[in-house]
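Residues in the sequence shown are numbered consecutively from 63, following this note's numbering.
No lab work stands behind these hints: they were computed from the structure. Incorrect hints may appear among the rest.
To be verified - With a Cα cut of at most 27 angstroms, we get these calculated BS3-like pairs of lysine-lysine:
no., residue 1, residue 2
1, LYS221, LYS290
2, LYS173, LYS221
3, LYS221, LYS266
Predicted, not measured: the structure shown is a model, and the values here were computed from it.
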Amino acid sequence: MQFLRKRNAGSFAVGNSAPRARRIGMLVLMLQGLLTLLLVLTSEVSSASAAPLTATRPLAGSHAGQMAPNPEDIRLRQLIRQGRMASTVRVVASLAPTVVEQFPLVPSGLKTAFPNATALVTIVRGNRDNSVSDTVTVDVQHMPPNITFTIFFIQFANKPFGNVEYVADLTTRGDGSGETVFQCIALVAFAMDARNPGTSQDDKEGTTSGTNLEHMGMWFSSLQDAQKVLNNDSLQGTIFDGGNPPLHAGPQAMTDGQTAPVF
Numbered sequence: 063m064q065f066l067r068k069r070n071a072g073s074f075a076v077g078n079s080a081p082r083a084r085r086i087g088m089l090v091l092m093l094q095g096l097l098t099l100l101l102v103l104t105s106e107v108s109s110a111s112a113a114p115l116t117a118t119r120p121l122a123g124s125h126a127g128q129m130a131p132n133p134e135d136i137r138l139r140q141l142i143r144q145g146r147m148a149s150t151v152r153v154v155a156s157l158a159p160t161v162v163e164q165f166p167l168v169p170s171g172l173k174t175a176f177p178n179a180t181a182l183v184t185i186v187r188g189n190r191d192n193s194v195s196d197t198v199t200v201d202v203q204h205m206p207p208n209i210t211f212t213i214f215f216i217q218f219a220n221k222p223f224g225n226v227e228y229v230a231d232l233t234t235r236g237d238g239s240g241e242t243v244f245q246c247i248a249l250v251a252f253a254m255d256a257r258n259p260g261t262s263q264d265d266k267e268g269t270t271s272g273t274n275l276e277h278m279g280m281w282f283s284s285l286q287d288a289q290k291v292l293n294n295d296s297l298q299g300t301i302f303d304g305g306n307p308p309l310h311a312g313p314q315a316m317t318d319g320q321t322a323p324v325f
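Work the whole structure out from these sequences, hints included.
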């Protein structure tokens, strides 16, 4: 039976306060335990997420637990140091046998009207023995809005361009950004005239058929778009888009701008 008793200057307490105090104490202990468990779990998750990612693969045998770098990554970085690949190329650390290369495009025909235009090209190649194509992503920013561009693999980054191969279109959004993703053989792309194919030297593949295409450029697919964007009605048409008439494309807009290969 509950009753009230006076305690300390007119304050009142419930008569069965001792059992209630024990219950409160047990609840406090349980909460402390849960809090401790939560802190431990949080610490473990934080440690796991903070562990650095590594682009290596485990070794077998006596070296188990150690990690080995991707030998293809090492070889490509060596070519860059030797000047046999453009210094603008970045070889992204990746698990063997995958190879990831990145390089920028810079304004050429767009340089005056859109000097801040940028493009990043990422090429992902898996195991050549098991992969029939590479994955190429072209991501652009600060470009003319709502304009379609054609993308070509080219022999030379700038005029006269040499042998070329059309590979994709890219249409920008209203804010001048855009991207396109396509699959093809990129890192060993080549062109030739089968009547006189010839051979050429590739630093990554050795002697190869035809002429290696190791650069990239982007062109206005429409001469009228180029004249409007560049505010120049005297621009002449180019061949860098299919269809009729043959010279209905505009000038080159972006290029890797390098002498040494970029892929």
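Hint check: LYS221 vs LYS266, CA-CA at most 27 angstroms. Holds or violated?
Holds, because 25 angstroms separates the two Cα atoms, which is no more than 27 angstroms.
Quick one, are LYS173 and LYS221 close enough, alpha carbons at most 27 angstroms?
Holds - the C-alpha atoms of LYS221 and LYS173 are around 16 angstroms apart, at most 27 angstroms.
Hint check: LYS221 vs LYS290, CA-CA at most 27 angstroms. Holds or violated?
Roughly 23 angstroms between the alpha carbons, so the hint for LYS221 and LYS290 holds.
The earlier numbered hints are all upheld by this structure, with none contradicted.
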